[in-house]
Amino acid sequence: MTTAQKTLASGHGWSVSDVVCTAAAGDKPFEEEHRGFCIAAVTRGTFRYRTRQGTAMLAPGAILLGNPGACYECGHEHGAGDRCLSFHFSPAYMERVMADLPGVKRLGFADPRLPPLPALAPLLAGAEAARESGDDEAFEELGLRIAGAVIAAAAGLSRAARTPSRRDQKRVAEAVRLIELNAERPLSLTELADGTATSPYHFLRTFRQVAGMTPYQFLLRTRLHRAAVRLRSSDAAISTIAFDAGFNDLSTFNRRFRREMGEAPGAYRARRAHMR
1 MTTAQKTLAS
11 GHGWSVSDVV
21 CTAAAGDKPF
31 EEEHRGFCIA
41 AVTRGTFRYR
51 TRQGTAMLAP
61 GAILLGNPGA
71 CYECGHEHGA
81 GDRCLSFHFS
91 PAYMERVMAD
101 LPGVKRLGFA
111 DPRLPPLPAL
121 APLLAGAEAA
131 RESGDDEAFE
141 ELGLRIAGAV
151 IAAAAGLSRA
161 ARTPSRRDQK
171 RVAEAVRLIE
181 LNAERPLSLT
191 ELADGTATSP
201 YHFLRTFRQV
211 AGMTPYQFLL
221 RTRLHRAAVR
231 LRSSDAAIST
241 IAFDAGFNDL
251 STFNRRFRRE
261 MGEAPGAYRA
271 RRAHMR
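Using the working numbering, the final residue of the sequence shown is 276, and nothing's skipped along the way.
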């Protein structure tokens, strides 16, 4: 077996896998079948991809596109091995995303791939960073955003941002309150969207427009802010503060706290204590 696949995260109608292939030029490709929609970002290596939409050479930054039920082959005539972040979506999931993209009427990809596009670069960098740091919770939002961006790019659309309606602003305010009341526990994008009676894609897009960040980013900032307050106002152990705030492990908390606050939790606490 020349391909190793590790599921990084999954939810209702979606999953994301880290796929590492070690096939070389002399290895014969074999036929496989897409069980759902596939959007795979190439992060290392090159390979040939052949499916009913056509044949394409994929390199880092390119996006492999697959339709449900389509058979395909991947070959390595020009190099050995590759690595991809492979997002898989059910038809029902993609239909919900498509419904929130004005002008998109066709469910399915007409081409086998998208070339590296500047519009997709930040999303793909974020997804790769999440894979490398083990930030599995970020993939629900990243997958949804990537699905919408890829569908729009594949359809040749250029979507203009619209001003959120009062109803959408109210929905975001309700979601913010829900996050504030439950920041210490896992909160999925689906749960937040259900609370506002909107689709996850519409909710994510609206939340970013109104709040200037994604729900996941807001949740992380809420947790970090509360942890910072406790570091300053209590003598509780740093690990206790981290777990109470909703972080599953201390190393993740330390890394994110340093990124947000500019210093490690211990240094932050010591400096505030010295100032008092």
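Just so you know, these hints were derived from the structure itself, not from any lab. Quantities reported herein were computed from a predicted structural model and do not represent experimental measurements. Glycine included, C-beta positions come from ideal geometry on N, C-alpha and C. Take these hints with a grain of salt, some might be off.
Pairwise CB distance ranges, derived in the manner of DEER restraints [as the list claims (entries may be wrong)]:
#: 1; residue 1: R271; residue 2: S10; range: 26 to 32 Å
#: 2; residue 1: S10; residue 2: E174; range: 23 to 29 Å
#: 3; residue 1: R271; residue 2: G54; range: 58 to 64 Å
So, going through the hints one by one against the coordinates:
Range check, R271 to S10: Cβ separation about 41 Å, and the 26 to 32 Å hint is violated. One distance hint, 23 to 29 Å for the beta-carbon pair S10 and E174, holds here, with the actual separation near 27 Å. For R271 and G54, the hinted distance range of 58 to 64 Å is satisfied, since their beta carbons lie about 59 Å from each other.
Checked against the numbered hints above, the structure violates only hint 1.
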